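Trainee: Chain A is fixed; fit chain B onto it per the hints.
Here the protein sequences line up with chains A and B, keeping their order.
For the first sequence, the residue numbers in this note's numbering are 1 to 277.
For the second sequence, the residue numbers in this note's numbering are 1001 to 1665.
Treat the hints with caution; some may be incorrect.
Unchecked claim - Here are the simulated EDC-like pairs of lysine to aspartate or glutamate, each with C-alpha atoms no more than 20 Å apart in a straight line:
#, chain 1, residue 1, chain 2, residue 2
1, B, Lys-1412, A, Asp-156
2, B, Lys-1482, A, Glu-205
3, B, Lys-1475, A, Glu-158
4, B, Lys-1003, B, Glu-1131
5, B, Lys-1475, A, Asp-156
6, B, Lys-1234, B, Glu-1211
As the list claims (entries may be wrong) - Only part of the chain B face toward chain A is listed, based on derived beta-carbon distances under 8 Å:
#, residue
7, Tyr-1354
8, Gly-1355
9, Glu-1356
10, Gly-1358
11, Gln-1361
12, Lys-1475
13, Phe-1477
14, Gln-1479
Hint data in this document are derived by calculation from the structure and do not stem from the laboratory.
Predicted model only: the values in this text are computed from it and were never measured.
Where a beta carbon is used, it is the ideal one built from N, C-alpha and C, also for glycine.
Here are the chains, one letter per residue:
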Amino acid sequence: MTKQVAYFPGCALEGSAREYDVSTRRVFAALGVELLEVPDWVCCGASSTHGRGQEVALALPAHALRAASQMGLPLMSPCAMCYSRFKLASLELAHPEARARTEAALGQDIGELPSVLHPLQVLDEIAPQATVPLDIKVASYYGCLLVRPPAAGFDDQENPTIMDRIVAGWGAQPVSWAFKTECCGAGMALARPDMVARLSRRVLEQARQAGAEVVVVACPMCQANLDLYTGEKDTPVLYITQLIGLALGLSPRELMLGRHLINPLPLLRAKGLVNHG
Amino acid sequence: MVKVGVFLCHCGRNISEVVDVPRVAEAVRHLPGVTYVDENKYMCSEPGQAAIRQAITEHGLTRVVVASCSPRMHEITFRRAAAQAGLNPYLVEMANLREHCSWVHADDHEAATLKAIELVKKAVARISYNEPLTPQPIPMTRRALVIGGGIAGIQAALDIAAAGHQVTLVERESTIGGRMAQLDKTFPTLDCSSCILTPKMVEVAQNPNIELLTYSEVESVSGFVGSFEVQIRKRATLVDHVKCTGCGICWEKCPEKVPSEFDLARGKRSSIYIPFPQAVPVKPVVDQVHCRYIKYQEFEASGAEGKKPPQCRICEKLCPPQALAWDQEDEAVTEKFGAIVVATGYDPFDPTVYGEFGYGQYPDVITGLELERLLSASGPTEGHVLRPSDGTPPKTVVFLSCIGSRDEERGKAYCSQICCMYMAKHAIVLKEHDPEVQSYIFYIDNRAVGKGYEEFSRRAQEDAGAVYLRGRVAKVFPQDGKLVVMGEDSLIGRQVEIAADMVVLAAAVVPSRGADEVARMLNISYDSDHFLVEAHPKLRPVETHTDGVFLAGACVSPCDVPQSVSRGSAAAAKTLALLSKETLVGEPTTAVVDALRCSGCQLCLEVCPFNAISTQVVAGRTVASVNEGLCKGCGLCSAVCRPAAIGVKGSTHKQLLAEVASLWT
Chain A
1 MTKQVAYFPG CALEGSAREY DVSTRRVFAA LGVELLEVPD WVCCGASSTH GRGQEVALAL
61 PAHALRAASQ MGLPLMSPCA MCYSRFKLAS LELAHPEARA RTEAALGQDI GELPSVLHPL
121 QVLDEIAPQA TVPLDIKVAS YYGCLLVRPP AAGFDDQENP TIMDRIVAGW GAQPVSWAFK
181 TECCGAGMAL ARPDMVARLS RRVLEQARQA GAEVVVVACP MCQANLDLYT GEKDTPVLYI
241 TQLIGLALGL SPRELMLGRH LINPLPLLRA KGLVNHG
Chain B
1001 MVKVGVFLCH CGRNISEVVD VPRVAEAVRH LPGVTYVDEN KYMCSEPGQA AIRQAITEHG
1061 LTRVVVASCS PRMHEITFRR AAAQAGLNPY LVEMANLREH CSWVHADDHE AATLKAIELV
1121 KKAVARISYN EPLTPQPIPM TRRALVIGGG IAGIQAALDI AAAGHQVTLV ERESTIGGRM
1181 AQLDKTFPTL DCSSCILTPK MVEVAQNPNI ELLTYSEVES VSGFVGSFEV QIRKRATLVD
1241 HVKCTGCGIC WEKCPEKVPS EFDLARGKRS SIYIPFPQAV PVKPVVDQVH CRYIKYQEFE
1301 ASGAEGKKPP QCRICEKLCP PQALAWDQED EAVTEKFGAI VVATGYDPFD PTVYGEFGYG
1361 QYPDVITGLE LERLLSASGP TEGHVLRPSD GTPPKTVVFL SCIGSRDEER GKAYCSQICC
1421 MYMAKHAIVL KEHDPEVQSY IFYIDNRAVG KGYEEFSRRA QEDAGAVYLR GRVAKVFPQD
1481 GKLVVMGEDS LIGRQVEIAA DMVVLAAAVV PSRGADEVAR MLNISYDSDH FLVEAHPKLR
1541 PVETHTDGVF LAGACVSPCD VPQSVSRGSA AAAKTLALLS KETLVGEPTT AVVDALRCSG
1601 CQLCLEVCPF NAISTQVVAG RTVASVNEGL CKGCGLCSAV CRPAAIGVKG STHKQLLAEV
1661 ASLWT
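Only chain A is shown next, with the shape it has when bound in the complex:
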């Protein structure tokens, strides 16, 4: 088990998804995994750079890959978009031609490519140490980027189970449902909020029908769309690190549970998960 990883928070985790960053840092600290932040990190290249050409789309993630390589550690980013960029870039940089072009653009050698991890892969390998029983029914929502494209995914594309396995290990009850990898609306929130609302609402509706009390996610975009655009009140959407944090006995304040639009605290109080701290 890796005890240290190179940690890449990314832009979302410094802004709208700060609670994902904070809960990740706290949970991994509690589990004995040291997160060493990538120094002087820049944009991972998500969203906009694909359209600006192959060179910049590879050079940006290559910057962080190079940094992790110099640290001699695997590169881990909680953001599904960052993770996907790094994973795909590292696959492309395995081709000497792409690598030479990118190194020329960076003006630096990338070095030996580090392995790219998502926190779910790390959590899947750690024996759970729950102190608070998580008596709660959970719908694991994976969205698109954790499982697709197949080369970048680390689980079954249609019926992934890694999050279900992790939350079950921490004492929660994963529900079986069909919308694990449906689209949340992704980056269309500003251009077509109506569509994002429709898609995200359906995800929450399906989770509820399957008996879930809470939805857990591992992607800032999924969380934002489900939480911000659905106008829902009843089914909170938590980061998986927040749920594990609760099992570890961390307080709502420490896990920044107050930042969600669908307030999870009434449910968590009723479930006896937040009475301490």
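Mentor: Below, chain B without anything else, positioned relative to chain A:
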């Protein structure tokens, strides 16, 4: 003194347009041994052959070189012509001036002519070392083995038996019938499957020429065409089938009910059972995994503490002829056969790899074969189509095609051939069962290529009102007690959602479990999908590369009932051509071992693709030995033999060296 005649063919203009044939004739005329040279526009024509025959007689030729096309085309023609003129046919060689020269060097006539001269020189040099060879007769065991008792194997066995030959039909299950026995109706005429199949099954049981071995498996095969030695394991049924009358009391009264394999676990059977009422033979077997008395015996034998399982033995107590035989054991028999037909059939693809369709997760998502069992009057619902989840009759049924077919990513690249038609059949039959049923069929292409198939497909659309939607399904999920099928109708370019009561997956056809093991035993090939490989996909579709082994049914590629029957009959015809002979004529161009030179290293054993080489002890030394019945004369052994102890008759080391040497003179 050899007298070589060289016969140069123009092959119309195929050769002469590129190669200057008269120049070749001049160049080879004075080669050592050459006493006669002739040209002909078509050497293979009757006048061409007559010229060869005449030259042999008139000029006393002792060797013949024909410079024309590939020996694969006409070697037999020219050997036969030579034989007619009294020359041993193995004293004929060919130089390939067409495929190896004029066709591939059409852009350089000069070089092609020079190469043609060398090719003929090579053949002339080689032929002086040719020796007359005589084919050895191979004795023929006039009995056939058929492996697999589905419709293809049944048809093959019946046809062989009808010609008066003995045939043994080996079937792994306790009854013959195969997949066809599981079907309710058959397209495109909607005959009841068992009504047309069971008469054939009964005929198998009653035909005196057929030995039926059910609940049996082929364990090993040795020997070669004409005399295969096959070891067959007859699994213990724990019922004396001579005493048993098939009265049915045991399987009715047996209290231990378990999921029925025949009903694809959609129904139950007892632990002593026949798979279905029309089973042949109608003799039960004891399922040794689930039988209570077997469990009791195992508990006793293990010496474990605690509560003993019940002894049960109800079947034994009630059996009128006292046919239970608890101490029966597996029996291995070895029998000899002249030819073997492989008809191992198919299995349905496991659709659980498509997580998005929820097979195995939602009970009302079933496969096409499972729907057959629900439709069948002898099935678990006695022919009433009911949802597995709540036992209600489904009104909206959605079919998903190509589940595992035409999908290189997660399934198979090939088309499974039968699914389009059985989906149409299901739509029609469901409508007949219940006029309120509405079927939807998601398809990629509707493939209806067979006699009456397109008309049948139309009938599903026009008479049964099935709605065909061209597109793939993205997901199936439960909502409000229904299964919502979310897919694309690519003809209108829209996403569609259908709230279904039942979803039927047209699972791909894959080779039957264990077919590859059978292939290895018989030394025949299988492809990357584990379908068995024919000797030629067009011209030798039921033969294999092992002489005397033929293929029938879906073990070759997915096929429907009419095709399985045709393939079964075709394999029988090929088998009968062998069985009609007392002896076979073997090809004499086999490998031969010089025991004095052989070092016993056994490299040849490893490379031989036909398992034709074994070892024997000669004067205290272990040396290689060739089984001429199995040897195909490929020469791999000769190539790896370091002391040059193994050679191939007709392509000896001397001949090969003479060819090579000729290029330097």
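Trainee: Hints first: check each against the structure and report whether it holds.
Mentor: A quick look at each hint next to the structure:
no.	hint	result
1	Lys-1412/B x Asp-156/A	holds (18 Å)
2	Lys-1482/B x Glu-205/A	holds (15 Å)
3	Lys-1475/B x Glu-158/A	holds (9 Å)
4	Lys-1003/B x Glu-1131/B	holds (14 Å)
5	Lys-1475/B x Asp-156/A	holds (14 Å)
6	Lys-1234/B x Glu-1211/B	holds (13 Å)
7	Tyr-1354	holds (7 Å)
8	Gly-1355	holds (3 Å)
9	Glu-1356	holds (4 Å)
10	Gly-1358	holds (6 Å)
11	Gln-1361	holds (6 Å)
12	Lys-1475	holds (6 Å)
13	Phe-1477	holds (3 Å)
14	Gln-1479	holds (6 Å)
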